[in-house]
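Q: Protein chains in written order, with the numbering used here: chain A, 1 to 182; chain B, 1 to 248; chain C, 1 to 121.
Take the hints with a grain of salt, since some may be wrong.
[Said to hold, decoys possible] Computed, partial: chain B to chain C, Cβ under 7 Å:
1. S4
2. L8
3. I14
4. F17
5. S19
6. Y178
7. I179
8. G194
9. I195
10. Y206
Quick caveat, the hints were computed from the structure, so don't treat them as lab data.
Virtual Cβ for every residue (Gly too), placed ideally from N, Cα, C.
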Amino acid sequence: MVHPNDQELLATFKNAATKEQGFTSIVKKFQEKLYWHIRRMVIDHEDANDVLQNLFIKVWNGLDNFREASQLYTWLYRIATNECLTFLEQKKRKQVISISDGENGLTNQLKADTNFDAGKLEWKLQLGIQQLPEKQRLVFNLRYYDEMPYDEMSKILDTSAGALKASYHHAAKKIEEYILNN
Amino acid sequence: MDHSIEILLELKQISPFLSEMKKVNVFSVPPGYFTNLDQQILENTLTHSTLSLTSETHNRDVPAGYFENLAGNILEKIKKLQVTEPDELIEQYPLLYSLRKENIFTVPENYFEKLPEEVLGALNQGKVRTIGKTRSLWNYAVAATVTGLIAISSLLVTNTSSDNAAQNGMAKNTVPEYIQDSYQYKNEEAINEGIKELSSDDIIKYLEATANDTDNEAFASGVTEKGLPDQEEYLKNEKTLDTYLNQN
Amino acid sequence: MGAKAQEDEARKAEKIQALKIAFITQKLELTSDEAQKFWPVYSQYENDMKQLLLDKKNADVIDSDEGLLNIRKKYRPEFIKVIGQPRMNKLFNAEKEFRGVLLRHLQNRADNQQRPMFRRK
Numbered sequence: 001m002v003h004p005n006d007q008e009l010l011a012t013f014k015n016a017a018t019k020e021q022g023f024t025s026i027v028k029k030f031q032e033k034l035y036w037h038i039r040r041m042v043i044d045h046e047d048a049n050d051v052l053q054n055l056f057i058k059v060w061n062g063l064d065n066f067r068e069a070s071q072l073y074t075w076l077y078r079i080a081t082n083e084c085l086t087f088l089e090q091k092k093r094k095q096v097i098s099i100s101d102g103e104n105g106l107t108n109q110l111k112a113d114t115n116f117d118a119g120k121l122e123w124k125l126q127l128g129i130q131q132l133p134e135k136q137r138l139v140f141n142l143r144y145y146d147e148m149p150y151d152e153m154s155k156i157l158d159t160s161a162g163a164l165k166a167s168y169h170h171a172a173k174k175i176e177e178y179i180l181n182n
Numbered sequence: 001m002d003h004s005i006e007i008l009l010e011l012k013q014i015s016p017f018l019s020e021m022k023k024v025n026v027f028s029v030p031p032g033y034f035t036n037l038d039q040q041i042l043e044n045t046l047t048h049s050t051l052s053l054t055s056e057t058h059n060r061d062v063p064a065g066y067f068e069n070l071a072g073n074i075l076e077k078i079k080k081l082q083v084t085e086p087d088e089l090i091e092q093y094p095l096l097y098s099l100r101k102e103n104i105f106t107v108p109e110n111y112f113e114k115l116p117e118e119v120l121g122a123l124n125q126g127k128v129r130t131i132g133k134t135r136s137l138w139n140y141a142v143a144a145t146v147t148g149l150i151a152i153s154s155l156l157v158t159n160t161s162s163d164n165a166a167q168n169g170m171a172k173n174t175v176p177e178y179i180q181d182s183y184q185y186k187n188e189e190a191i192n193e194g195i196k197e198l199s200s201d202d203i204i205k206y207l208e209a210t211a212n213d214t215d216n217e218a219f220a221s222g223v224t225e226k227g228l229p230d231q232e233e234y235l236k237n238e239k240t241l242d243t244y245l246n247q248n
Numbered sequence: 001m002g003a004k005a006q007e008d009e010a011r012k013a014e015k016i017q018a019l020k021i022a023f024i025t026q027k028l029e030l031t032s033d034e035a036q037k038f039w040p041v042y043s044q045y046e047n048d049m050k051q052l053l054l055d056k057k058n059a060d061v062i063d064s065d066e067g068l069l070n071i072r073k074k075y076r077p078e079f080i081k082v083i084g085q086p087r088m089n090k091l092f093n094a095e096k097e098f099r100g101v102l103l104r105h106l107q108n109r110a111d112n113q114q115r116p117m118f119r120r121k
């Protein structure tokens with residue numbers, strides 16, 4: 001499906017008569033990319049849906065002030081990322097934290113998935129990703145799944161492209177090591 | 001796409017193993033989830049956007065004393081809610097109502113030794129009458145205690161005809177009323193339903209009467225539930241809380 | 001305030017108390033045997049707490065914090081005896097949680113939405 005470009009989307013949204021239409025067009029254009037970005041971080045579908053909803057509420061409220069200097073999708077990914085991190089932070093606070101090496105609550109959620117198969121590479125990959133600290137997880141996901149250029153990533157994560165590149169290298173190596181040893 | 005190849009080559013250099021792995025999506029999504037998602041998101045957004053939020057830039061710092069004052073602020077605002085609900089307790093708990101004046105509380109051993117003398121003294125002199133908040137508290141105490149003496153003391157204050165019954169000792173009852181009452185709430189739903197039957201006023205009085213320092217934590221974690229403005233929204237606009245709670 | 005209004009208040013407070021008990025019972029997963037032994041102990045503990053709240057109005061914050069701690073320490077052996085240490089910890093959290101649940105109900109009324117209030121995770 002061909003979606004309208006950023007300019008058109010924003011124009012439709014900023015026009016009071018077509019605001020809702022503009023909004024749903026934006027949602028339609030980006031919903032899947034944003035959903036999967038979030039899902040890969042929070043793992044659970046319901047949680048991802050919650051975060052996605054919150055994200056779009058912020059979009060509705062904040063889009064009028066969007067400085068069109070950067071691309072819409074950069075702005076959206078930025079909010080999505082922050083929403084994820086906030087969500088994960090809140091989740092941590094509410095849980096009783098039992099810290100064992102490299103494990104976190106999300107690992108357990110992965111293992112609880114009805115389709116989980118410890119023998120399959122794709123699941124091992126997910127477990128491997130969970131070995132990484134949050135920010136590194138983000139970097140890996142954005143590069144490996146979204147194939148995002150480092151320049152764009154740096155606008156989303158407020159980190160230099162060089163640092164992100166190094167981070168990605170370390171992440172991939174760690175994940176490889178995990179998979180080969182488990 | 002050139003870009004994809006670039007990424008693939010990059011990965012191949014770091015980890016040939018990973019670069020050869022097929023990308024398989026392990027996450028399942030409920031069927032039809034994306035079909036009407038945009039409409040559903042619109043509806044959900046419109047429900048929440050009656051809040052008037054200004055769009056200052058996000059600021060993740062929390063002002064000093066934010067959480068300390070939060071509970072107090074919220075309670076203050078909630079007090080202003082104009083919500084009145086009919087009192088159906090007489091209809092719902094006729095037995096309870098009829099037993100209201102019966103002294104059927106048991107007194108555990110050593111109870112009298114434990115109770116401070118001056119409190120009894122203050123009650124007998126009716127000092128409780130003069131202070132509004134304390135009176136609320138004592139009325140709560142009437143309801144809440146299993147053992148009889150505080151309840152009986154406050155009955156002295158509120159209903160002098162109970163005097164004799166109180167002083168002559170109490171009839172025993174194996175399980176106190178309010179504990180028996182608690183059995184009817186067999187699960188989460190029932191508890192939530194039970195709470196819904198309470199008037200906001202009652203809840204506020206109870207919370208005030210039994211307030212303690214641990215409340216800040218409970219309130220803080222409660223406040224950040226989905227659907228409420230989170231701390232960033234508060235920071236965007238001080239009026240957020242007012243606006244939000246005064247929606248009614 | 002007339003006698004009837006006071007009775008009404010008492011009844012409402014009792015209802016909230018019953019809800020609190022039900023909440024704690026579920027959170028602690030008490031068997032009926034355990035419940036029988038637990039509630040008398042808990043009621044005494046509550047009475048002590050109520051005393052403390054009364055005194056607290058004028059007292060030094062540090063003294064009342066100490067008071068609260070002392071009451072809990074006093075009842076600790078009995079609690080441990082009837083429900084065990086891990087659940088005793090849960091008990092104090094459950095007390096806090098209940099107040100949070102009440103508050104969320106209030107806020108949700110302001111929010112005008114019907115949403116389940118507490119989810120057991």
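Q: So, for every hint listed, does it hold in this structure?
A: Hint-by-hint comparison with the structure:
Checking S4/B against chain C: minimum C-beta separation of about 40 Å lies over 7 Å; hint violated. Proximity of L8/B to chain C is violated relative to the hint, the smallest CB-CB distance being about 40 Å (cut-off 7 Å). The criterion of a C-beta within 7 Å of any C-beta in chain C is not met by I14/B, whose closest approach is roughly 38 Å, and the hint is violated. For F17/B, the suggested interface contact is broken, since its CB lies about 37 Å from the closest CB of chain C, more than 7 Å.
Given the 7 Å rule on beta carbons, the hint for S19/B is violated: about 39 Å separates it from the nearest Cβ of chain C. For Y178/B, the suggested interface contact is upheld, since its CB lies about 5 Å from the closest CB of chain C, less than 7 Å. Evaluation of the I179/B hint against chain C yields a held restraint, the C-beta minimum of about 6 Å falling below 7 Å. Given hint, G194/B at the interface with chain C, holds; its Cβ is 5 Å from that chain's nearest Cβ, closer than 7 Å.
Annotation: I195/B was flagged as interfacial toward chain C, and the flag holds, the nearest CB pair being 5 Å apart, inside 7 Å. With a least beta-carbon distance of about 5 Å to chain C, the hint placing Y206/B at the interface is held under the 7 Å criterion.
The structure is inconsistent with the numbered hints 1, 2, 3, 4, 5, although it conforms to all the rest.
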